[in-house]
Each structure stands twice: as structure tokens, then as C-alpha cells.
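Q: Going down the list, the protein sequences come from chains B and U. Residue numbering for the first sequence follows this note's numbering, starting at 1 and increasing by one per position. Residue numbering for the second sequence follows this note's numbering, starting at 1 and increasing by one per position.
Treat the hints with care, as some may be off.
Chain U regions said to be covered by chain B (calculated; three or more residues, Cβ under 8 Å) [as the list claims (entries may be wrong)]: (1) 80-94; (2) 142-151; (3) 180-188; (4) 210-218.
If you're looking for bench data, these hints aren't it; they were derived computationally from the structure. Source: prediction; values computed, not measured. Where is the CB? At the ideal position from N, CA and C, for every residue including glycine.
2 protein chains.
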Amino acid sequence: MSDPRIAAAAPLAGLRIVEISSFVAAPLAGMTLAQLGAEVIRVDPVGGAADRNRWPLTEDGTSIYWAGLNKGKRSFVADLRSPEGQHLVARLITGSGPQGGILLTNTTGRDWQGYNALARVRPDLIHLEITGRGDGSTGVDYTVNAATGFPLVTGPPGHRGPVNHVVPVWDIACGLYAALAITAAVRRREATGAGSRLAIPLEDVALATASNLGFLGEAQLTGTERPRVGNALYGSYGQDFTSADGVCFMLVTLTPRHFRDLVSVTDTAEVVSALATALDADFADEGTRYRHREVLTAVFAGWFRTHSAEEIAAALSDTSILWERYRTFGELATDPRVTANPLFTDLQQPGLGTYRAAGAPISVDGTYPPARVAPQLGQHTDAVLRDDLGLTDADIARLHDTAPGATKRTNR
Amino acid sequence: MSDPRIAAAAPLAGLRIVEISSFVAAPLAGMTLAQLGAEVIRVDPVGGAADRNRWPLTEDGTSIYWAGLNKGKRSFVADLRSPEGQHLVARLITGSGPQGGILLTNTTGRDWQGYNALARVRPDLIHLEITGRGDGSTGVDYTVNAATGFPLVTGPPGHRGPVNHVVPVWDIACGLYAALAITAAVRRREATGAGSRLAIPLEDVALATASNLGFLGEAQLTGTERPRVGNALYGSYGQDFTSADGVCFMLVTLTPRHFRDLVSVTDTAEVVSALATALDADFADEGTRYRHREVLTAVFAGWFRTHSAEEIAAALSDTSILWERYRTFGELATDPRVTANPLFTDLQQPGLGTYRAAGAPISVDGTYPPARVAPQLGQHTDAVLRDDLGLTDADIARLHDTAPGATKRTNR
Chain B
1 MSDPRIAAAA
11 PLAGLRIVEI
21 SSFVAAPLAG
31 MTLAQLGAEV
41 IRVDPVGGAA
51 DRNRWPLTED
61 GTSIYWAGLN
71 KGKRSFVADL
81 RSPEGQHLVA
91 RLITGSGPQG
101 GILLTNTTGR
111 DWQGYNALAR
121 VRPDLIHLEI
131 TGRGDGSTGV
141 DYTVNAATGF
151 PLVTGPPGHR
161 GPVNHVVPVW
171 DIACGLYAAL
181 AITAAVRRRE
191 ATGAGSRLAI
201 PLEDVALATA
211 SNLGFLGEAQ
221 LTGTERPRVG
231 NALYGSYGQD
241 FTSADGVCFM
251 LVTLTPRHFR
261 DLVSVTDTAE
271 VVSALATALD
281 ADFADEGTRY
291 RHREVLTAVF
301 AGWFRTHSAE
311 EIAAALSDTS
321 ILWERYRTFG
331 ELATDPRVTA
341 NPLFTDLQQP
351 GLGTYRAAGA
361 PISVDGTYPP
371 ARVAPQLGQH
381 TDAVLRDDLG
391 LTDADIARLH
401 DTAPGATKRT
411 NR
Chain U
1 MSDPRIAAAA
11 PLAGLRIVEI
21 SSFVAAPLAG
31 MTLAQLGAEV
41 IRVDPVGGAA
51 DRNRWPLTED
61 GTSIYWAGLN
71 KGKRSFVADL
81 RSPEGQHLVA
91 RLITGSGPQG
101 GILLTNTTGR
111 DWQGYNALAR
121 VRPDLIHLEI
131 TGRGDGSTGV
141 DYTVNAATGF
151 PLVTGPPGHR
161 GPVNHVVPVW
171 DIACGLYAAL
181 AITAAVRRRE
191 ATGAGSRLAI
201 PLEDVALATA
211 SNLGFLGEAQ
221 LTGTERPRVG
231 NALYGSYGQD
241 FTSADGVCFM
251 LVTLTPRHFR
261 DLVSVTDTAE
271 VVSALATALD
281 ADFADEGTRY
291 RHREVLTAVF
301 AGWFRTHSAE
311 EIAAALSDTS
321 ILWERYRTFG
331 ELATDPRVTA
341 NPLFTDLQQP
351 GLGTYRAAGA
361 PISVDGTYPP
371 ARVAPQLGQH
381 TDAVLRDDLG
391 LTDADIARLH
401 DTAPGATKRT
411 NR
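Chain B on its own, in the form it takes in the complex (with noise of 0.2 Å):
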């Protein structure tokens, strides 16, 4: 029964899965179903999609984001506005044997991609597009975040307006329930031999999501508004503080011990002690320290404006306090948990040159898969087309003098 050709690193090693894709979500999908060992043939137009050359760039002009994003996948490109060029895709899509057959993407409205006309040729077809809203209109991760409740709710408690993410959490958390949904269809399909039709709109992650954490079941329930209160943590005691020398810090308590310790390494044990008894109030239960935030976060404050940064990493190292030091992307870059973490490897990716990237934050028997490089543009067209669609020379060279552009020749 064992099969050493799937190793516990490449659990996904045999499937070939085709991504039709853009932006955030999908690309991230199929990225992540790369990295645990599927063969990801990302299928471009010609020239590229809409975030050919998203930002951050280099000074050349090459997205770092695209090479981000698109880690360890294969790039066909072909012209998808024309009938050979769909033809060829969908070949691609409903060929390859048992563990082809699924379709990853987030263009939607095309016939020739849909569910219908894939299956009718590929029964046992795969088939995951991400949508925007959940009937059908368009939507994208700060649009979705907008109609949720979050930004009304996020910053500092002066702040008149919304704060939106920098950070698309909607497009990670969509790229990666889809990245499941298929693996779970492939699993479901390896054990009776049937297809899935799935769809996940990236308004709905976000709506389950403020379900899942309770925001919407509060509202509901209760019929209060949730309050925007800073970097406090809700419910409990937890507060960001600004040492002497100006450098931030995040603390959180959510154990008796933890918030003991707090009072211990702030030397604050009277006051707070006077405190609880003066506003009758038990420090060991979350939900009274959260209460009484305001003046609790003000008595703790002194101690770290007497501090200086170097003193408070090495007392608050000493306690049970949950706790971190703020810094930026430039600090982040140099600092030992992306220079000496294994989950990083130092990449050489054309285009861009070598820098440390990471692979996926899943570590195997204690070590971290190495991170793979991601393709040129159109890098792998050809051998697409004679390896996996069986053209001949004769037809790749057809392909590419009859329709120029229409499909692109590898390494331009």
C-alpha cells in the first residue's frame, strides 16, 4: 500500500491542477496547492493578466507581488479570446489522466471555462471559481471589508471614518478555503470516483467569518454595537505601550498569571491591589479587566515610559506575558526570525534576484519544505504544448507564426 511517490512533504504530489487566475485569492489557492506537491499550471493571456504588473516592483519594474504570489507554478500562456486558444485550455483542463481535471480560477462568465461544457468532457471534473458576492456582482477584499462591520470598528477610538486592512484578509482567507475545498473534492473524488462543482464568493468568507467570531451573532443577540477601542483587546486585557526611547509594544494577558505577572514586572501590585478594591473589581476574571481597561492601561503606562526598549524586552522576557515589540517590513527583513527561520529560503527568482522568500508555514517532520521559484511569463507554453497536449514542433511553430501573440514563445 505504500507509495513512495507522495511524500509527507508533497501530500498533493500527482494532481495537476489548472488556474485560471488573477490578483489575490486565487493565485494564492493555487500557490499553496503547489507547495504541498501538485503540478499548478497557471494560464495567463497573452501579455499577462490584470496584475501583470501589480505593485510593490523593483526598480526595473518587475512585480514582486506576481512573484509572490505565483511560487513554484508552471505558466502557459495562450490567447483566450480566441477559439483555439480556449479549446487548447480546456484540453488542458479535462486531459491528464485520473489526477487532472480541476479548474481553479476567478474569471467568471465564460462558457468555455464554466462547469458545463468542461464536465460534459470530464465527468469527474473539479471545478472551484471564486466569485465576488454570492449573486453574482462584483466584489473585491476592501469592498467586501466595507460591507462587513470591521473598518467601522478598527483604529484609534478619536478616529471619525473608516479604517480599512492594508492587509487583504478576505483574499487570504478565500485563497485558502479554496485551496481545502479542493483538496477535499480530490479526496472525495479519489474514494468514489466523482467531481465537484464548487463556488466561493469573496463577500461570503468575509461574512462567515464576522459569524464565526461572533460579531454578527453580538449584534443579533444583544443589540449593542461594537465599540472601537484602539489596539485594546476586546474582552480582555491587552494594550500596546511606548517605552522611553519611543519604540511600541503590544501586551496581552489572558490568564490570572499572565495579568499578575503585568502587575509584577511593572512594580504596580499596591496600586492595582487599591484599585480592586476601591472599584470592588476581581482582576482575575478577562471580562473586569477589560472593563476597567482605561485605568489599568494608565497605571501600567508609567513603567514604560520610564523604560527604555532593551530594558523592557529583557524584564517582560522574564514573565509569562504574551508580548512583542512593533517594528516595520525593513526592520521585519533583517531581523533574525526572517534571516535565520527556516521557513524562509534564500531564492534566486529571474527578475527580481535573490532575496528570502518564504515556502508555506507548514512544517513536516519538524523542517520546512524549501520555497521554489516563480515562473517568467509564458516560461513553460511550449513544453505545455508538446508534453501535455501533444502538439508537434510543427504545430507549436504554427501556433506561434499564424497567430502571433496568440500563444507566447518560451523566454520572450
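Starting from the structure of chain B, add chain U where the hints point.
A: The following block gives chain U in isolation, referenced to the frame of chain B:
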């Protein structure tokens, strides 16, 4: 080959997963696997884990949070500090046939539930640990987020200091990576018979994401620090605007067509054209729109300021522009995207009452499986002892009597 027991909407049917968990990431992973059809038994210590009474709460103190993150699971309570309780849970993990032997946990440092101890009994064990940081030290969402650069680039441009996410983005991503890793490991085990030892550090989820999205690459390759740009969309044109009646809207223009529509709907063609000439700027280019976002925003804002939210919504709906109006959780809870969205089920949740709760945001053949209620703490203890562990009624009674609270009697 067709196995009618594995429906498309329950691709993980037959699997039996034990979850020893608390807080967000691990419970979300377990719940997502349950939503895909696996049987998930959440194991808690007597009286519940540290998240038992986490806010938000109903007026009578029931955790809406706990109910939201544990939908569809079975609940088993045991004294996890006693050898007898540990032995029962270990047997629960290692027993239950070829589709059992799966542990998902975020409690570490307990030998009895570690990979080595359990794999000795169950060689094909799938064991996944969610940890804080890669080196084994502690980390939670709010501290891990501080370690990344995101808080210092989030929030209003004039703001000094960090702005935390209210939504625990790293917990969410970590939970979904965990569900994916387990599902992929199941696929591999069903092909090979081999188990997997997996770990996902929460901090590495955040670092990998910062890498995937280009933030770390940008810092390494260009030496620039990402600026804080408020609600603007970095590298493109997206901005928030306020209506005459004080309602905020988020607009995103990713393509030249979106931008042309924005110019048209705001009736600013002349001004924008004059600007383009004077600035020698081609606004069809995303990066150019981003560079000149402040003057563009100043030009567009006039139209928003002089129209009501209703007028704006009607006008924008007739364009290709990606847009949304901001709202609170209270407004969202009564919006059709909750009240009329098949993602949501009218759930009669014991302890909370009836409320609309979301299932998994993955539609199968165009429909969503319904959400399922969360268990009461310990609700399934006796049934699991009897049916899964083979204890007799006499054994069960003895457990309850000789170690009061050692196992939680069902419905107490």
C-alpha cells in the same frame, strides 16, 4: 467505485478527528473540517478551556464567541491532568478505525498527547500542532501581528504608532492552513497508509503572508519602507469618500474602464483631463493613478460631498466601478446579505436562542450546506465513553463518582 456515503457537500465524511483546542485558530480549523463532513470531537478540561467564557457574551453570560467557533462538533470533557483522563483521550485519538487517528491541537508541551506517545500506538497517526512561534515560544494573533510590519502601515496617514487589526487575521489564516494540511495528509494516508507529523507556528503564517504579498520582498529588494496611506489602495486607485449625509463609501478602480467610469459618474472629465496634461500623467496606468491619488481624490470628493448616499449608490450601480458603502455590524445583521443570504441558517442554538449563523462559505452545486449548532460543554461525553471507548454503564458511573468532575456528566 461509487461510495454514496461521501456526498459532494460532505467530502470529508467518515473521518474522525479529535481536537484539543482553545481560542481561534485550532477551533476554526476543527469547525471547518466538521463543515466539510468530518466528525470532530472537541476535548475540553473540566469546566472548559480558557476560551469558555470569551466575549462577546449574551446578557446571561453565554459565550457567543464559543458558539460561533464550535458549530457542528461533539464535546467531550475529561480531567486532562489525571492519568486516567489522559489515557481515555489518547485512546480516543488512536482508536476508531482507519479513518480515525487524527489529532488537531494548540496545546503543546504535554507528552501524553504528543506525536511520539500517540504514534507508538497508532503508526499512521496524523498529528497537527498549532504553535505560537517557530522556536516554540509563545505568540498570539495580536503579538504576532506586532512582529510583522502591518500595524505601522495601517490606519490614517497622520497617525503615530501602531494600529492593530480587530479581526484576528493570523488566527484565521492559521486555522485554514491547519484544516488544509490535515485534509492533504488524509489524502496521502488514504493512498499510502502513512501518517504525518505537522506543525504550524502562528507567527510563520504571518511571515509567510508578508512574504507572499511582496511586503518583505519590497523591503529586501528596494530598501524602501512601505508608507502609511490610510484607506487608499496601494499601487492602484482606491479610496474612501463621504456623502453629503455622512455615509462613507469605498471605491476601487483596478482597470482603465473602472477609472473612466469614475471620472464620468463624478462629472470631472475636464478637470481630470487637464490634470493629466499638466502632470504629464497617463491615468490608464495603475501606478500613475496611485502616485497622483491625493489630487485625484480631491477632485472626485466634491461630487460625493454634494450628493446623498442614496444618489451615490444609484449612480455607482450603473457603472463598472467596484464600490461598497461602509456599515456597522448592527446594520449588517439586518442587511439582505445576511437576512436573505443562503450562507446563513436560522440556527436554534441552545444557550443563545435563535440567530442567523453562517456555515462554510463553500457552495456545492450552487447550494450551501446548513450551519449546525454548537454543542453544550461535555454534551457528548457519556456517548463517546460508551460508543467510541467501549465503557460500560458501570464504568461510566464509576468515573463520575470516584472522580467528581473528572468527566462531565452529560447535560450538567
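Q: Going through the earlier hints one by one, which of them does the structure break, listed in rising order?
A: 1
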